[in-house]
Amino acid sequence: MTDPTSQAGAPSGAATPAPPALSPENAAVIALSRKDFVSDQEVRWCPGCGDYSILAQTQKVMPDFGYPRENIVFISGIGCSGRLPYYMNTYGFHSIHGRAPTLATGLKAARPDLMVWVITGDGDALSIGGNHVLHSMRRNVDINMVMFNNRIYGLTKGQASPTSEFGKRTKSTPAGTVDTPIMPLTIALAAEASFVARSVDTHTEHLQGTLERAGRHHGSCFVEVLQNCNIFNDGAWRDFTDREVREDRMLVLEHGKPMIFGKDRNKGIRLNGLRPEVVTIGKNGITEADLLVHDEQAEEPYLALMLSRMFWPEFPVPVGVLRAVARPTHDQLITDQLTAAVARTGAGDLDQILHGGETWTVD
Amino acid sequence: MTTIQPAELGPDVQELERVTIRFAGDSGDGMQLTGTQFTRTAAVFGNDISTLPDFPAEIRAPAGSLPGVSGFQISFSSSDIHTPGDQPDVLVAMNPAALKTNVGDLPAGGALIINSDAFTQSNLNKAAYASNPLTDGSLRSYRVFEIPISTLNTRSLEGLEMTSKQMDLTKNFFALGLMFWLYERSMDPTLSWIDDKFSARPVIAEANKRALKAGYAYGETTEAFHTHYRVKPARLAPGTYRNITGNEATALGFLAASKLAGRDLFYGSYPITPASDILHQLSGYKAFGVKTFQAEDEIAAIGAAIGASYGGALALTASSGPGIALKSEAMGLAVMVELPLVVVDVQRAGPSTGMPTKIEQGDLLQVMYGRNSDSPMPLVAPATPGECFELAIEACRLALKYMTPVAYLSDAFLATGSEPWRIPDIGDLPSLVVGNATDAATFRPYQRDPDTLARPWAIPGTPGLEHRIGGLEKADVIGNVSYDPDNHHRMMTLRAAKVAGIADDIPPLEVFGPDRGDLLILGWGSTYGAIRSAVERLNADGKAVAHAHLRHLNPFPANTETVLRSYRRILVPEVNLGQLSLLIRARYLIDAIGYNRVRGKPFRIVEIIEEADRLLAENR
Numbered sequence: 099m100t101d102p103t104s105q106a107g108a109p110s111g112a113a114t115p116a117p118p119a120l121s122p123e124n125a126a127v128i129a130l131s132r133k134d135f136v137s138d139q140e141v142r143w144c145p146g147c148g149d150y151s152i153l154a155q156t157q158k159v160m161p162d163f164g165y166p167r168e169n170i171v172f173i174s175g176i177g178c179s180g181r182l183p184y185y186m187n188t189y190g191f192h193s194i195h196g197r198a199p200t201l202a203t204g205l206k207a208a209r210p211d212l213m214v215w216v217i218t219g220d221g222d223a224l225s226i227g228g229n230h231v232l233h234s235m236r237r238n239v240d241i242n243m244v245m246f247n248n249r250i251y252g253l254t255k256g257q258a259s260p261t262s263e264f265g266k267r268t269k270s271t272p273a274g275t276v277d278t279p280i281m282p283l284t285i286a287l288a289a290e291a292s293f294v295a296r297s298v299d300t301h302t303e304h305l306q307g308t309l310e311r312a313g314r315h316h317g318s319c320f321v322e323v324l325q326n327c328n329i330f331n332d333g334a335w336r337d338f339t340d341r342e343v344r345e346d347r348m349l350v351l352e353h354g355k356p357m358i359f360g361k362d363r364n365k366g367i368r369l370n371g372l373r374p375e376v377v378t379i380g381k382n383g384i385t386e387a388d389l390l391v392h393d394e395q396a397e398e399p400y401l402a403l404m405l406s407r408m409f410w411p412e413f414p415v416p417v418g419v420l421r422a423v424a425r426p427t428h429d430q431l432i433t434d435q436l437t438a439a440v441a442r443t444g445a446g447d448l449d450q451i452l453h454g455g456e457t458w459t460v461d
Numbered sequence: 191m192t193t194i195q196p197a198e199l200g201p202d203v204q205e206l207e208r209v210t211i212r213f214a215g216d217s218g219d220g221m222q223l224t225g226t227q228f229t230r231t232a233a234v235f236g237n238d239i240s241t242l243p244d245f246p247a248e249i250r251a252p253a254g255s256l257p258g259v260s261g262f263q264i265s266f267s268s269s270d271i272h273t274p275g276d277q278p279d280v281l282v283a284m285n286p287a288a289l290k291t292n293v294g295d296l297p298a299g300g301a302l303i304i305n306s307d308a309f310t311q312s313n314l315n316k317a318a319y320a321s322n323p324l325t326d327g328s329l330r331s332y333r334v335f336e337i338p339i340s341t342l343n344t345r346s347l348e349g350l351e352m353t354s355k356q357m358d359l360t361k362n363f364f365a366l367g368l369m370f371w372l373y374e375r376s377m378d379p380t381l382s383w384i385d386d387k388f389s390a391r392p393v394i395a396e397a398n399k400r401a402l403k404a405g406y407a408y409g410e411t412t413e414a415f416h417t418h419y420r421v422k423p424a425r426l427a428p429g430t431y432r433n434i435t436g437n438e439a440t441a442l443g444f445l446a447a448s449k450l451a452g453r454d455l456f457y458g459s460y461p462i463t464p465a466s467d468i469l470h471q472l473s474g475y476k477a478f479g480v481k482t483f484q485a486e487d488e489i490a491a492i493g494a495a496i497g498a499s500y501g502g503a504l505a506l507t508a509s510s511g512p513g514i515a516l517k518s519e520a521m522g523l524a525v526m527v528e529l530p531l532v533v534v535d536v537q538r539a540g541p542s543t544g545m546p547t548k549i550e551q552g553d554l555l556q557v558m559y560g561r562n563s564d565s566p567m568p569l570v571a572p573a574t575p576g577e578c579f580e581l582a583i584e585a586c587r588l589a590l591k592y593m594t595p596v597a598y599l600s601d602a603f604l605a606t607g608s609e610p611w612r613i614p615d616i617g618d619l620p621s622l623v624v625g626n627a628t629d630a631a632t633f634r635p636y637q638r639d640p641d642t643l644a645r646p647w648a649i650p651g652t653p654g655l656e657h658r659i660g661g662l663e664k665a666d667v668i669g670n671v672s673y674d675p676d677n678h679h680r681m682m683t684l685r686a687a688k689v690a691g692i693a694d695d696i697p698p699l700e701v702f703g704p705d706r707g708d709l710l711i712l713g714w715g716s717t718y719g720a721i722r723s724a725v726e727r728l729n730a731d732g733k734a735v736a737h738a739h740l741r742h743l744n745p746f747p748a749n750t751e752t753v754l755r756s757y758r759r760i761l762v763p764e765v766n767l768g769q770l771s772l773l774i775r776a777r778y779l780i781d782a783i784g785y786n787r788v789r790g791k792p793f794r795i796v797e798i799i800e801e802a803d804r805l806l807a808e809n810r
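Going down the list, the sequences are from chains A and B. Quick note on our numbering: the first sequence kicks off at 99 and runs consecutively. Quick note on our numbering: the second sequence kicks off at 191 and runs consecutively.
Hints listed in this document are in silico derivations from the structure and should not be mistaken for laboratory results. It is possible that part of the hints are untrue.
[Unchecked claim] So, partial list: chain B residues that the calculated Cβ filter (under 8 Å) puts toward chain A: (1) PRO379; (2) LEU381; (3) THR430; (4) LEU445; (5) PHE483; (6) ALA498; (7) PRO653; (8) GLY660; (9) GLY661; (10) ALA665; (11) VAL667; (12) ILE668; (13) ARG755.
Here a beta-carbon is modelled for each residue, glycine too, at the ideal position from N, C-alpha and C.
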């Protein structure tokens with residue numbers, strides 16, 4: 099039997115792949131550029147769709163990770179987001195509705211050497227695939243899950259999704275949806291994701307930075323990208339993401355920095371009892387020292403959970419990394435158990451196992 | 191019981207060819223353990239054996255109640271046997287509920303060993319007995335041995351620091367000891383098993399050993415049993431044997447397949463009766479590189495297996511009917527992306543939750559057709575517990591060679607039943623090695639092997655082969671998403687042709703008995719033993735009846751039609767309402783006659799003989 103720490107069915111003759119080297123040096127050696135990650139497939143999203151930007155930023159950050167192209171896999175479910183793997187010149191698997199995290203879990207368990215991205219949407223991840231989001235996150239499967247949140251079912255032409263506002267009128271809810279929406283980042287945190295972040299399709303630099311952080315994190319990443327569906331839910335996030343208002347209506351999180359926002363950088367978040375509160379620096383004696391300081395590495399996710407619940411118009415919408423903590427990954431724990439078993443008993447002997455228990459011989 | 195050569199033996203020993211014992215008691219009485227211990231002892235002694243555990247789905251139904259009865263039947267023999275026996279010769283009933291639910295299967299004259307201590311008014315009420323069967327004469331057609339097992343057992347444990355409840359829990363060993371004496375079995379295997387099992391709890395070990403010996407001594411000293419019985423070892427083919435259940439053999443088969451393929455095994459599964467034991471067993475093979483994944487649900491289990499297969503592992507998932515229903519969409523995905531995968535269905539009685547621990551062959555059409563569109567999958571089904579090993583390997587062979595998901599249909603009878611299994615020589619097993627695609631210059635995702643029609647297995651990590659697959663229809667050869675009408679038709683027929691072509695790569699359907707005649711009994715799966723035994727007896731009576739048993743159900747072996755057309759009538763016994771017979775009629779326009787009993791139990795041999803006789807009589 100093969101060494102259990104080796105990769106299943108790795109290409110014959112190839113040496114056991116080295117652990118992924120996330121280094122600028124490796125990136126320089128491999129020397130890939132954005133265009134190396136553009137596939138020959140014609141992109142078929144609606145003109146003006148936010149997905150174009152997410153695709154472009156994804157392709158842009160890929161060379162920085164230092165992975166050879168063949169060691170990167172994009173897995174998606176069903177929905178408009180599900181088409182993204184076809185446009186990436188890497189390995190790709192467009193699976194079935196909601197189940198991409200399950201394929202990613204199996205692939206990563208079998209092949210820890212691969213960098214695995216899961217591309218999903220609000221319906222795919224939080225409705226039909228909700229269970230798999232929970233469990234891939236709690237297991238700390240080393241995947242980068244990017245959820246395109248447009249608060250609507252786009253591919254099926256405009257039904258309410260789990261993130262649609264309460265009362266939203268859609269084709270399937272002409273009198274308004276009676277379902278309370280869920281907060282994706284709260285779900286991810288409750289599921290023990292080790293990396294939780296949010297960005298916006300049109301905030302290209304911020305999105306690149308966020309994807310880059312996710313790609314470098316070892317463990318379960320959940321990145322919510324607020325994305326515009328200009329056909330079925332145009333302007334879903336406009337109230338706070340538009341250029342003119344975003345500085346006043348969004349809170350860009352930075353680890354170790356006080357939570358300050360606003361065009362004039364004079365607004366902030368402080369804790370009032372158990373609740374966050376928007377304050378103005380310089381008013382009522384408020385100083386920077388009164389503000390909450392962001393800590394994405396906090397052992398307990400209280401702060402991150404609070405941030406995940408803050409939303410416009412009551413609060414500026416937090417973007418950036420809410421949580422990034424280190425804990426052992428699923429594939430590493432599996433591999434460790436195999437290694438320990440071999441250390442304890444030696445590599446498995448099939449003949450011995452077949453003869454296990456009581457045997458007798460007939461001459 | 192067939193009595194032979196009594197004259198050669200001493201006055202107190204009778205030699206028998208075959209004995210069938212059923213242990214029945216409350217599900218807390220340890221009947222499965224008792225049966226398993228008797229089985230091990232008989233197997234190591236060299237008898238041919240066949241077993242049938244029969245237990246409730248409830249872990250602990252109310253003590254003494256009818257639904258809480260757990261049974262274990264073992265048949266052991268000095269000749270080749272195929273079934274756990276139609277009827278027990280001996281019934282051990284540990285309480286009134288066990289008596290009530292089982293005595294109907296005991297033939298007149300059969301031995302009934304009863305724990306009389308358990309026949310209290312309260313227990314009689316729980317078993318809904320209006321009067322005490324020990325005194326009302328209702329058992330007079332049996333040879334009844336009333337033994338105060340609880341009392342005698344407790345007495346033998348005097349002086350041990352145990353509660354009376356703990357003492358009572360050992361009474362199954364008393365019953366086992368008595369059966370060991372009755373059938374001349376050594377207590378040694380069980381004594382050493384007890385030492386092993388309870389090494390950390392010496393008092394419990396001592397109590398169980400004392401209980402076992404007390405039961406044995408009771409048989410030896412009491413005058414209740416005038417005779418004890420001998421069943422000589424069977425003349426099995428030379429080799430090294432072990433006792434094995436279908437689930438054990440399945441797990442070992444997959445482990446072997448992983449070695450034969452040179453690929454690490456990935457097993458995604460969600461707990462479900464009666465498939466869970468495969469997960470338990472494989473999870474112990476970490477030193478072989480086996481990765482087991484207990485998923486959050488059935489869908490995740492197969493999804494993860496598909497992901498692992500995509501990564502180059504030998505990937506499997508397992509469930510029973512309800513779980514297979516949940517996996518269906520992903521099975522369709524595996525058909526579409528043409529990745530190797532084995533889907534194990536350990537069938538149980540349905541529909542819906544049905545009777546989870548009981549036997550049925552109800553999922554044949556489900557795995558055959560239970561997906562959207564035409565979604566062909568090869569399908570194999572082992573016929574005996576031991577055969578699960580080779581069919582598990584066969585399922586992997588087909589999956590790897592043809593780049594396809596393969597369904598493997600076991601059932602609750604095979605899964606938990608056991609038989610002696612001749613341990614194969616690893617060197618005799620087939621190589622399952624297949625290569626991965628590596629040549630970037632020639633690689634096309636759906637370029638097929640001209641012989642097998644398999645597409646290449648291009649696993650991530652291979653430079654230059656970056657490509658995209660998925661559930662959307664793909665263009666032939668190139669593999670891009672395609673909505674072209676002619677391409678879709680071509681891909682549909684290619685997928686069907688690939689699976690149909692496997693018919694030339696599997697063994698022909700073999701016939702037991704006359705190669706033509708009045709009647710062929712055609713079976714699949716766990717009905718093998720009952721059909722084969724029935725046909726042996728029919729042939730012994732000079733009747734031209736043959737038996738053929740399908741291990742490959744999709745595609746059928748190439749000679750199937752020729753075989754079927756060599757007989758005037760085709761009888762298809764199934765523990766369902768006629769699924770194989772439907773396939774046979776549809777495929778060959780042959781008037782297959784179903785014999786269908788769906789009682790959660792295996793066929794009895796006599797049922798099949800009677801049905802065959804009925805058809806033979808019609809023939810005249």
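Evaluated hints:
1. The closest approach between the C-beta of PRO379(B) and any C-beta of chain A is roughly 7 Å, which is under the 8 Å cut-off, so the hint is satisfied.
2. A distance limit of 8 Å between C-beta atoms decides the matter here; for LEU381(B) the minimum to chain A is near 13 Å, and the interface restraint is violated.
3. Residue-level restraint check for THR430(B) holds (minimum Cβ-Cβ distance to chain A is 5 Å; threshold 8 Å).
4. With its C-beta approaching chain A no nearer than about 7 Å, LEU445(B) sits inside the 8 Å limit, and its interface hint holds.
5. Evaluation of the PHE483(B) hint against chain A yields a held restraint, the C-beta minimum of about 6 Å falling below 8 Å.
6. With a cut of 8 Å, the hint placing ALA498(B) at the interface with chain A holds, because the nearest CB-to-CB distance is about 4 Å.
7. With a cut of 8 Å, the hint placing PRO653(B) at the interface with chain A holds, because the nearest CB-to-CB distance is about 5 Å.
8. With 8 Å as the threshold, the beta carbon of GLY660(B) comes within range of chain A, its nearest partner Cβ sitting at about 3 Å, so the hint holds.
9. Taken as an interface hint, GLY661(B) checks out: its beta carbon lies about 6 Å from the nearest beta carbon of chain A, inside 8 Å.
10. Look at ALA665(B): its Cβ only gets to about 12 Å from chain A, farther than 8 Å, so that hint breaks.
11. Hint status for VAL667(B): violated, given a least beta-carbon distance of 15 Å to chain A, over 8 Å.
12. Checking ILE668(B) against chain A by beta carbon gives a least distance of about 11 Å; that is not within 8 Å, so the hint is violated.
13. A least Cβ separation of about 39 Å between ARG755(B) and chain A goes past the 8 Å threshold, and the interface hint is therefore violated.
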